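Q: Residue strings, one per chain:
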Amino acid sequence: MSSYHIQGTTGDWEVVIGLEVHAQVVSKSKLFSGAAASFGAEPNTQVSLVDAAMPGMLPVPNAECIRQAVRTGLAINAQINRWSRFDRKNYFYADLPQGYQISQLYHPLVGEGHLDIEADEKAGIASDKRIGVERIHVEQDAGKLMHDQHPTRSYVDLNRSGVALMEIVSRPDMASPAEAGAYLRKLRAILRYVGSCDGNMEEGSMRADVNVSVRRPGDPLGTRTETKNVNSVRFVMQAIEHEANRQVDVIESGGKIVQETRLFNPDTGTTRSMRSKEDAHDYRYFPDPDLLPLELTEAFVADCLASLPELPDAKRTRYVETLGISAYNAAVLTAEVETARWFEALLAEGAEAKQAANWVMSELFGALNRLGASIENCPVTPAQAAELLTLVTDGTLSGSLAKQVFEKMLETGDAAGVIVEREGLKQTSDTGAIEAVIAEILEKNPGQLEQYRSGKEALFGFFVGQTMKAMAGKANPQVVNDLLKKALS
Amino acid sequence: MTILTDLGIAALRDGVAKGEFSARDVALAFNDAVAGAKALNAFIVETPDHALAAADAADKDRASGTLKPLSGVPIGMKDLFATQGVQTTAASHMLEGFTPQYESTVSGNLWRAGAGMLGKLNLDQFAMGSSNETSFFGNVISPWRRNNGDTTALAPGGSSGGSSSAIAARIVPGATGTDTGGSIRQPAAFTGISGIKPTYGRCSRWGVVAFASSLDQAGPMARDVRDCAILLENMAGFDAKDATSLNLPVPNWEAGLSASLKGKKVGIPKEYRVDGMPAEIEALWEQGINWLKDAGAEIVDVSLPHTKYALPAYYIIAPAEASSNLARYDGVRYGLRDLPDGANLQDMYAATRAAGFGAEVKRRILIGTYVLSAGFYDAYYTQAQKVRTLIARDFDRAWESCDLLLTPTAPSAAFGLGEKSADPLAMYLNDVFTVPTSLAGLPAMSVPGGLDAQGLPLGLQIIGKALDEQSVLNAGLAIEERAGFAARPGKWW
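Residue numbers (the working numbering), protein chains in the order written: chain H, 3 to 491; chain V, 52 to 544.
Hints were generated in silico from the structure; no laboratory data involved. A portion of the hints provided could be inaccurate.
Said to hold, decoys possible - The calculated lysine-lysine pairs, modelled on DSSO-like cross-linking and capped at a C-alpha distance of 27 Å, are:
(1) 315(V) to 471(V)
(2) 30(H) to 344(V)
(3) 413(V) to 91(H)
(4) 410(H) to 471(H)
(5) 316(V) to 471(V)
(6) 542(V) to 359(V)
(7) 516(V) to 91(H)
(8) 405(H) to 458(H)
(9) 91(H) to 471(V)
(10) 146(H) to 359(V)
(11) 458(H) to 356(H)
(12) 471(H) to 458(H)
Just so you know, these numbers come straight off a predicted model, no measurement behind them.
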């Protein structure tokens, strides 16, 4: 159980959270038209006659969008409804050319499913938790109004009009902002693994409606509010925090929560009322008569299932159990599909799993951090990294030399082997040379030698350091250790 | 000397093919007839150049031996079909001046088959009406008049009233219609011509201004059954742009025509004997039964027990769909925009839709909005859908004992303009015999059977099984041959 409670003036309150996530389906064309669905095009350049709702135009379902939604459903262990249907949600707005949105109210494509979030002590998630998903349905996005183009007029951009969205509706199973954040991150990871949504919240390809209510521990559900269109994980957590506290304040000061739609202000981290239930739309949902019911064959569903990649949970388990990677490293490496993909490419180039995991976690992530780069535009390829790691494994480079070589790789883009040759950074295991340097150092430091021999064994590190320094870091540390021990004994 | 405008589609096609006359002469003759019939108000836009261009192409094709199925045949196009570069209004102020950049699939099919367009035919606004009195562009007048010297302007039926009037007046040899609850069959009956609504899904709805999507179906109207078969063959066909289009080959209906009904059973549904139906219509129905017997059919009595619920269910489902389909006419992107000074978006919607829609369209939008509203949905829309299922089941049961059904097309002959326009319910009753087939998506045809005592045409309706247009056409032909309907309106326009 979550330990998250809001401390009111009259006692503790539990928070109950459900999320409706709108995820834009990755597809070349829109849900019911052939127009392109890419982001960032000039206004009104990706609009077909259907998207503009010209007289007599008809929607035709795009099989790829349906396939992506089914794959998503399978990835969250959900029921795939072999028979589903599209409904019209009727309302007037200038960004909605048809005067209705084609959605699925009565018979969604995907039914009950779930995903698991992991325990996270730091975030206050005490144990692993299963979050239910009530349904996923597919629907059309609306266009966009632009109010900043003209002093008295608004402009309409229909590029998004008709783009396919999945609405992923969770059960009210989350009890803290942290759990909601973990759910969103996990869902986003799964969507990106599956490839059904790019999860890009800044560009609006994923956004959440946040349902929040509060109650006394053990009481039935309270009245909820819905905060619309929140577009980052952090904002979702902020919105919940603010909204739950606001509700507690209202109730404790004798007020009642109104079921209403609210808006989140990212600048202040607060929510405000948008419209109450009284002036809520009557959407007059009814089955879209332009479309036949959607019937899926077993072969189609089987094909969707077969097309799924290994998903984050399965991958994490395999990394730990088969590759022997630590639980923490495995969790980090599998959290984002790009990281896992990069890491597995590194293994495919011959790198050893544990060594590779450690190197990615420390060296690569460190470098990316410094450079402000992400794994998608990583300046080194997995093949180049594998070459570097092989040079460590075969003894050519020590750990510290490998760091130097990696820096040069990032600077120049050259291969590790080329840098080692050019810069002479090769580690030496030449015992004659090392012995000569050791002899010289012992001779130069008679005092230390005296102390060591009289029992101050901690000075061993001093001699190692001096030797390595004299050899410009290129001596094989193991060989230095062995030879020093011999010389000092 | 042949009067070219007296010829039907088959005769024009064959005459051009044989070189008896040129396609250009045909087009010129019909263009003249159209230009001379303004009093009928059958056209919203005349397109003589389109007809001439198609005719010239036909004459060229004849010279090179590459004639197409409709080479040399000019037709009228109901102004519900989007025609590229030619104003398409659905007879509404809302779309006055709207010129599509696209061609509807059905009209495109016809042009590809070689047909030419004489113009865009008037209709009830957004195809809502049974008398062609709801057009923003004025009433269409039937060429028919009562035989008692009364010059009352008569309704050509609706919504395809421009089509029926123009064909009956012989200013076009054939035309497209659309039928949502009877809009091809009832006007055909009122004007002594033939018209067939094919099985739902035979003709693409793409590019046809939508009224009620689950019911709308295009079909041909012409002087006789053969001409209907020819036109339908060139209108129908699978269209991937319409999700409800049937992916089936188009039969060769003309070649399959046969007036022999040996081995066919024709059902007579007892529920179609409605109170107050004129005796002349009863008598014609009886006559029709005898004609079909004569053609070799066996007559059986059948029951369609839910018939009486069809009209109320239709007037819930069709307005419900219409209220949503017509939401796109909002003044934002095309068509009429009424933007009063200082108006906000809601004001613009209200002003635009108040000015752009006629009274009947508004009535149906209001009905449709009401029946879909929270709290009323189950009582109206859900219930109506159940009735629709029961009506389809009635027909399925009937097909266990027969192949076709014979009924009157409409409960009356043409009435005078204005006689029923004040009473929507009386107007809606016109569709009582045609609506059940629309709800079931079945093919149905009206053919002229005779004249009533006032000299006005009466039609008989033949209803067939889904996809069996051929049997419908054949029964129509059997009646046509026996009825020998040769009456035509005297020219007064």
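Q: Taking each numbered hint in turn, which are not upheld by the structure, reported in ascending numerical order?
A: Hint check: 1, 2, 5, 6, 7, 8, 9, 10 and 11 fail, others pass.
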